Amino acid sequence: QNSANLVIAGLRPRDLGDLRRLTVQHNVVERVRLLAEFLSESDLAALYQGAEVLIVPSLYEGFGLPVLEAQSVGTPVLCSQAGSLPEVAGNGALYFDPSSAESLVAQLTKISINPHIRQSVIAAGLTNVRRFDWNRTASRLIEVYSQLK
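The sequence shown maps to residues 881 to 1029 in the numbering used here.
Please keep in mind that the hints were generated in silico from the structure rather than gathered at the bench.
One should not assume that every hint holds.
[As the list claims (entries may be wrong)] Derived DEER-like restraints, expressed as beta-carbon distance ranges:
1. L1021 to A981: 22 to 32 Å
2. V985 to Q1027: 19 to 29 Å
3. L902 to T1017: 36 to 46 Å
4. L902 to G930: 22 to 32 Å
5. D923 to G954: 35 to 45 Å
6. N907 to E967: 33 to 43 Å
7. Q929 to S992: 45 to 55 Å
Since the structure is predicted, the reported quantities are computational estimates derived from the model, not experimental observations.
Ideal Cβ placement from N, Cα and C applies to all residues, glycine included.
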């Protein structure tokens, strides 16, 4: 018996109806939270810190800030190999084919049953997130700007 709960945050209100119907159809209403409302930074941080894993199944992703937010608090990340996600997540995530549920299940199983893999992904995520530092980015931008003639 699977006792895992699922939180889906950042939903568009127009998608709530379809997702609610799916939770009823699959008899998982009590185990799925659908969040379409705005989440404060503290609410979002609490979600990341309480999560066993962040799953980012995007087909298209401009940057992937949730990946870094999760990595910064030591939450392991599973994300699709699409868009900018591999560049952003680096070695700090396990990747899956976003068109294959089996691929996602395989990675989720791997990180759930193997504590060494889980710890490795967490450690790599904490290292990866340090690449994205506002002060370093601003300094680099000023350095590049100063070289323009």
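A quick look at each hint next to the structure:
1. L1021 to A981: 22 to 32 Å: violated, 41 Å
2. V985 to Q1027: 19 to 29 Å: violated, 49 Å
3. L902 to T1017: 36 to 46 Å: holds, 40 Å
4. L902 to G930: 22 to 32 Å: At roughly 23 Å between Cβ atoms, G930 and L902 fall inside 22 to 32 Å, so the hint holds.
5. D923 to G954: 35 to 45 Å: violated, 18 Å
6. N907 to E967: 33 to 43 Å: At roughly 39 Å between Cβ atoms, E967 and N907 fall inside 33 to 43 Å, so the hint holds.
7. Q929 to S992: 45 to 55 Å: violated, 18 Å
Checked against the numbered hints given earlier, the structure breaks hints 1, 2, 5 and 7 and satisfies all the rest.
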